[in-house]
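Two chains, each in its own frame: build the complex with the hints.
Protein sequences, first through last, are from chains A and B. Per my numbering, the first sequence runs over residues 2 to 412. Per my numbering, the second sequence runs over residues 20 to 258.
Mixed in with the good hints there might be a few duds.
Stated by the list, open to error - Within a straight-line C-alpha distance of at most 27 Å, the following computed DSS-like cross-link-like pairs (lysine-lysine) qualify:
{"hint": "1", "chain 1": "A", "residue 1": "LYS212", "chain 2": "B", "residue 2": "LYS26"}
{"hint": "2", "chain 1": "A", "residue 1": "LYS217", "chain 2": "B", "residue 2": "LYS25"}
{"hint": "3", "chain 1": "A", "residue 1": "LYS104", "chain 2": "A", "residue 2": "LYS57"}
{"hint": "4", "chain 1": "A", "residue 1": "LYS37", "chain 2": "B", "residue 2": "LYS26"}
{"hint": "5", "chain 1": "A", "residue 1": "LYS368", "chain 2": "B", "residue 2": "LYS25"}
{"hint": "6", "chain 1": "B", "residue 1": "LYS115", "chain 2": "A", "residue 2": "LYS319"}
{"hint": "7", "chain 1": "A", "residue 1": "LYS217", "chain 2": "A", "residue 2": "LYS104"}
{"hint": "8", "chain 1": "A", "residue 1": "LYS31", "chain 2": "B", "residue 2": "LYS25"}
{"hint": "9", "chain 1": "A", "residue 1": "LYS255", "chain 2": "A", "residue 2": "LYS168"}
{"hint": "10", "chain 1": "B", "residue 1": "LYS25", "chain 2": "A", "residue 2": "LYS154"}
{"hint": "11", "chain 1": "B", "residue 1": "LYS26", "chain 2": "A", "residue 2": "LYS233"}
{"hint": "12", "chain 1": "A", "residue 1": "LYS39", "chain 2": "B", "residue 2": "LYS25"}
{"hint": "13", "chain 1": "B", "residue 1": "LYS25", "chain 2": "A", "residue 2": "LYS207"}
{"hint": "14", "chain 1": "B", "residue 1": "LYS25", "chain 2": "A", "residue 2": "LYS32"}
{"hint": "15", "chain 1": "B", "residue 1": "LYS26", "chain 2": "A", "residue 2": "LYS283"}
{"hint": "16", "chain 1": "A", "residue 1": "LYS140", "chain 2": "A", "residue 2": "LYS367"}
{"hint": "17", "chain 1": "A", "residue 1": "LYS41", "chain 2": "A", "residue 2": "LYS31"}
{"hint": "18", "chain 1": "A", "residue 1": "LYS233", "chain 2": "B", "residue 2": "LYS25"}
{"hint": "19", "chain 1": "A", "residue 1": "LYS319", "chain 2": "B", "residue 2": "LYS159"}
{"hint": "20", "chain 1": "A", "residue 1": "LYS144", "chain 2": "A", "residue 2": "LYS41"}
{"hint": "21", "chain 1": "A", "residue 1": "LYS273", "chain 2": "B", "residue 2": "LYS25"}
{"hint": "22", "chain 1": "A", "residue 1": "LYS405", "chain 2": "A", "residue 2": "LYS273"}
{"hint": "23", "chain 1": "A", "residue 1": "LYS319", "chain 2": "B", "residue 2": "LYS160"}
{"hint": "24", "chain 1": "A", "residue 1": "LYS252", "chain 2": "A", "residue 2": "LYS61"}
To be verified - Examples of chain B residues toward chain A, derived with CB under 8 Å:
{"hint": "25", "residue": "THR39"}
{"hint": "26", "residue": "ILE42"}
{"hint": "27", "residue": "PHE47"}
{"hint": "28", "residue": "LYS57"}
{"hint": "29", "residue": "ILE171"}
{"hint": "30", "residue": "SER224"}
I should point out that these hints are in silico values taken from the structure, not numbers from a laboratory. Even for Gly, the Cβ is constructed at its ideal location relative to N, Cα and C.
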Amino acid sequence: MIIEDILAYFSIFMALYFAVFVFSTVFEYKKEIYYKPKRKFSPRVSLVVPCYNEEKTLGKTLQSFFDLDYPRNNLEIIVIDDGSVDGTLKVAREFAQKDSRIKVFHKENGGKYTALNLGIIKSTCPYLGTVDADSFLHKDSLKKIMEQFEDSKVMAVISSVRVANPKNILEGVQYVEYLMGNFLKKVFSFLNGINVVPGPLSVFNKKVFTKIGPYKKAHQTEDLEMAFRMQKNNLVITQAVDAIVYTQGCKTFKELLKQRLRWNKGGLLNYKDYPELLDIRKHGNLAYLLLNSVVGCFITIALFIYTIYRTLDFSYSKLNQLLLAKADFFRFSFALPDWIKFDITPLLFLGLITLGAFLVYIFLSKKFTKDPGPSKRNVVLFIIIFPFLNGIFWLITLLSILFKRKDLVWD
Amino acid sequence: MGLKTKKLNWGRHLTVLLATAIIFAGGFYLSNTVVEKKISAITKLQQGLSIDILSLETQFSVLSQAPCKNLNESTLTKELFDISQKLESVGNTLGKDNPDFLMLKKYYSILEIKHWLLLKKAAKDCKTNIVSIIYLYSDKKNCPSCENQGYILTTLREKYPFLRVYSFDYNLALAPLDTIKSIYLLEPSLPITIVNDDAFYGLKSKEELEEILSQYINLAKLEEQKTSTSTSPTTTKAH
Chain A
2 MIIEDILAYF
12 SIFMALYFAV
22 FVFSTVFEYK
32 KEIYYKPKRK
42 FSPRVSLVVP
52 CYNEEKTLGK
62 TLQSFFDLDY
72 PRNNLEIIVI
82 DDGSVDGTLK
92 VAREFAQKDS
102 RIKVFHKENG
112 GKYTALNLGI
122 IKSTCPYLGT
132 VDADSFLHKD
142 SLKKIMEQFE
152 DSKVMAVISS
162 VRVANPKNIL
172 EGVQYVEYLM
182 GNFLKKVFSF
192 LNGINVVPGP
202 LSVFNKKVFT
212 KIGPYKKAHQ
222 TEDLEMAFRM
232 QKNNLVITQA
242 VDAIVYTQGC
252 KTFKELLKQR
262 LRWNKGGLLN
272 YKDYPELLDI
282 RKHGNLAYLL
292 LNSVVGCFIT
302 IALFIYTIYR
312 TLDFSYSKLN
322 QLLLAKADFF
332 RFSFALPDWI
342 KFDITPLLFL
352 GLITLGAFLV
362 YIFLSKKFTK
372 DPGPSKRNVV
382 LFIIIFPFLN
392 GIFWLITLLS
402 ILFKRKDLVW
412 D
Chain B
20 MGLKTKKLNW
30 GRHLTVLLAT
40 AIIFAGGFYL
50 SNTVVEKKIS
60 AITKLQQGLS
70 IDILSLETQF
80 SVLSQAPCKN
90 LNESTLTKEL
100 FDISQKLESV
110 GNTLGKDNPD
120 FLMLKKYYSI
130 LEIKHWLLLK
140 KAAKDCKTNI
150 VSIIYLYSDK
160 KNCPSCENQG
170 YILTTLREKY
180 PFLRVYSFDY
190 NLALAPLDTI
200 KSIYLLEPSL
210 PITIVNDDAF
220 YGLKSKEELE
230 EILSQYINLA
240 KLEEQKTSTS
250 TSPTTTKAH
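Looking at chain B on its own, in the form it has when it is part of the complex (with noise of 0.2 Å):
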């Protein structure tokens, strides 16, 4: 055994430091691999709901003259809240200003406001109890309670399955949203909920909430479908 000198080895550690930035490169790279199959895995997602969404439209055209009964969204809904969920997961990985993201999420608000709209007019024309709740956010910054108000709607989503909720980002830059913002006049006061065509600003509780509720639907009733019936909600997620 030869005695080691305590010298410092340069040429070893700036080996090492090359062979630690390498590993790191790796795993951003296998990180960026990843993401790269689940934005492309949620493109697919999105485009088949858009055909679906198309579908749905067609449907409701062939059914216009016929009874309303056989109109079937909850499948639609279930992949609307599927893609949420998903691209939540996007939006933590790539972060919230990434533009994959925002363009994204723009593709989906339309896609809800769609679906929005459908069910408006399935709602008019067959007379189906169908309540819709329009909830705008905005981060945590500029809406400190959006992270709860979003969690009650959730809350209440899971009470009444019938209840759709849709949200959206106050500050995206949509056109179809500034619409709906016109429409309704809204400030920019959030969190805003819009149940059916009347806008509430503020932090709206659990207990708030089914009052309005109560005004438009039988509670009592929806409670009863949802034991009888069952259907996956839309998201209400709110960052």
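The shape of chain A in the complex, shown without the other chains (with noise of 0.2 Å):
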């Protein structure tokens, strides 16, 4: 019972602070969320495209990069094609035919690091963008991302991902994750704190790649891995909130389940290759955000365990009582007990606040996003199923960390 309760409002209060800490956040820089350009700049920029068995997509992908509010001459287009065995380098020779800014290039499949190490050699322009190839650019995103490089100091800005036409449950509870996941970045972002330059759509100076180097295979999240270099070596990210790029939601839990245990369990493992970024000292609002994330990580999974323990206690007690009294199961009642017979505790207070928080920032970010969703019932499928999806994603992460289980994580 003590243990429960430690957990409980140990959960909720760090709930309730780090929610505090983002509004206050909010507020403080509110004037500043979407960038205001002194002048028009758009200079050269290339965008990669990796691709690795995209036939599907690359063509909705390339065909985005048209429709671009962006001058035409000064955009390179640069299709990598890592060994594809479907029909994506058909499709890219196509589209290059078309248009003469698109270059296409093959080679043996390495990887996606790989892919974008070569459009990184292939670039001829001063900026470089990478775009995955299962994902749309709206026509103002890259314009409103290259403007933020005005500023000399700015070293690589990110894009707002949101998850394209979400029709099915697990589409829906994504399409919320990622609203709430832009709002977030841009908080970071005031705080020169980002951890993440996301695969959809991140733009780089090329100096980055001169300063610090090429991609790293970085255990398959080499959009984190290059978010903490940078970090490191103290290059400022950006976060341009109203830059839209649309991505594929995972369609079926085996897929997201996938995604989930590669990005956590790489997340955990960049963490371990860059523990100073956890030095408040030195990296202070980042060290901060991280550390939060980790604690995080580690209530997801004992609120999880404890969920489970007290349903099966529960299910296993009433079955007990209706194997004992021989009762009929339809007997059952469930009617609702009146006021007073409701269990009163500060914990369903404080619950109800964390909760009103969470819409309350659930609003936000649509507010500052400019976000057309998400539907109500999207909202309240993410509160009921995403706290669990979530649990059973970093509990699989843990125990395939302990147990050294790669096959439960890579293909």
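Printed below as a string of structure tokens:
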């Protein structure tokens, strides 16, 4: 009882503390949510698209480049086919024939980071953007991002990633998750604490690669490692919250599990590779935000295990009682008791306050990212389903690390 | 846009900590306010019930010379049941060791004993077919099977509405309860079920209890009565 109370109060305190921290930061910087350029700045930029078996989506990705509101001649498009075994190369070449700005390169399969690095070598522009082959850019996205490079200290600008056309429950849940993630990255940006340069769309000043080198394998989370390395070297990353890129959400549980195990495990292993980033004296805000996410992982796992334990314990005792009394299950009453019979505890109120903070958080995310969604249905589904999904993913991640089961994480 | 420093703003964190602490305190304050209201509502209910008990006693005295068929205690039984449920919730909220809760629990137990005594007298004087069960329980640590016994008794009570079950915490420091323990020469081997005047120790299954009950009453007849009459049972919650 004492342990579960401590866990519950600690979790709620941490969640509320973080919520207040986020809200106060947004309040302080609310006038700086959207970047206001001092002059027109649209330098030459290469968009590198690493592909592996993306014949179905590559065409749409490239088409979205054509519709960009960006000076036509300042755009170079580099498609790197990383040894695809489907028709990816054919699709890329067909597009290259239509538009001379598109350059297509084929190489043996070596992993995403190798494709990105080839793109860096082949790029002839001072800026380089990476775009996943299943992502589609909003026409203003590149313009909004490039504007921020007018400040020469900015070394990378990341975008806001939205899930395209969420149809099923999982996609709906991911839609809300990404929405909140975009808002959070803006907050991180205010604190100079961005910890990832997402694959769907991020643009770099190419000096970055000269200073700190190209992409690394980095436990298959090269976008996380690159951000960590940049932060370690004090290279500034910002976010353009109004630069929208659409990506495909995972459609099945299996797909999502695979993706999240890669992210989670990659995240933890990168923390291990860059322990100095957790030093509050050296990396201040970034260290606080990273430590917060580490503590968050363990709270998620503990709460998930506890919830499972309580559910099983409750089910067992109810089943036992049913068997003992040989009662008819349908005689069970599910009527709600009146208010006086509810267990009123501080936890109930604090839980409701946390839920309220969470809804405010979603509202602010929607407002500041100018998101047309999400539907109420998706918000409700997110609140109900996501904690469990996240718990499952983190628990399996932890087990796979403890038992060194690579097969649980990698293909 | 001015580029931001990574440097931690301790002042902000201190303010955030303070704000979070205030919100936390607010949560506790709100819950305490509601719990206080809840306690006062239950106290009122119990006061009302003690008046009802007194009324019944008086009614019983008045009717002592008259036919017993006018005696009606089913409303009182329902109120007793309501209070037990609300008391259960207060216990969950305040904690089972909370002095306020223990006081309410003692008061409730006394009311139960009074109800039991009245019913016993009614059964004797009016020769009614009411069977009473006294059930003594303890917490999960001291009596792992008490929860199950409570559940079995609840099921039985639902099946036979004329059955009256009075449940008591064996370890509750209450003089009338100690008297009951000494009258029946009870040993601390829980759970204990006293059917009319016979004490039974340990977990009794539904079938075993039905067999015991059948020695005192025609259960088949009770089931027939159940279909034609509706009453509410007293509680058998054991925690």
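Tested hints:
no. : hint                : in the structure
1   : A/LYS212 - B/LYS26  : holds (23 Å)
2   : A/LYS217 - B/LYS25  : holds (25 Å)
3   : A/LYS104 - A/LYS57  : holds (19 Å)
4   : A/LYS37 - B/LYS26   : holds (24 Å)
5   : A/LYS368 - B/LYS25  : holds (26 Å)
6   : B/LYS115 - A/LYS319 : holds (22 Å)
7   : A/LYS217 - A/LYS104 : holds (23 Å)
8   : A/LYS31 - B/LYS25   : holds (18 Å)
9   : A/LYS255 - A/LYS168 : holds (17 Å)
10  : B/LYS25 - A/LYS154  : holds (14 Å)
11  : B/LYS26 - A/LYS233  : holds (14 Å)
12  : A/LYS39 - B/LYS25   : holds (24 Å)
13  : B/LYS25 - A/LYS207  : holds (23 Å)
14  : B/LYS25 - A/LYS32   : holds (19 Å)
15  : B/LYS26 - A/LYS283  : holds (8 Å)
16  : A/LYS140 - A/LYS367 : holds (20 Å)
17  : A/LYS41 - A/LYS31   : holds (23 Å)
18  : A/LYS233 - B/LYS25  : holds (11 Å)
19  : A/LYS319 - B/LYS159 : holds (15 Å)
20  : A/LYS144 - A/LYS41  : holds (10 Å)
21  : A/LYS273 - B/LYS25  : holds (21 Å)
22  : A/LYS405 - A/LYS273 : holds (15 Å)
23  : A/LYS319 - B/LYS160 : holds (18 Å)
24  : A/LYS252 - A/LYS61  : holds (18 Å)
25  : THR39               : holds (5 Å)
26  : ILE42               : holds (6 Å)
27  : PHE47               : holds (5 Å)
28  : LYS57               : holds (6 Å)
29  : ILE171              : holds (5 Å)
30  : SER224              : holds (7 Å)
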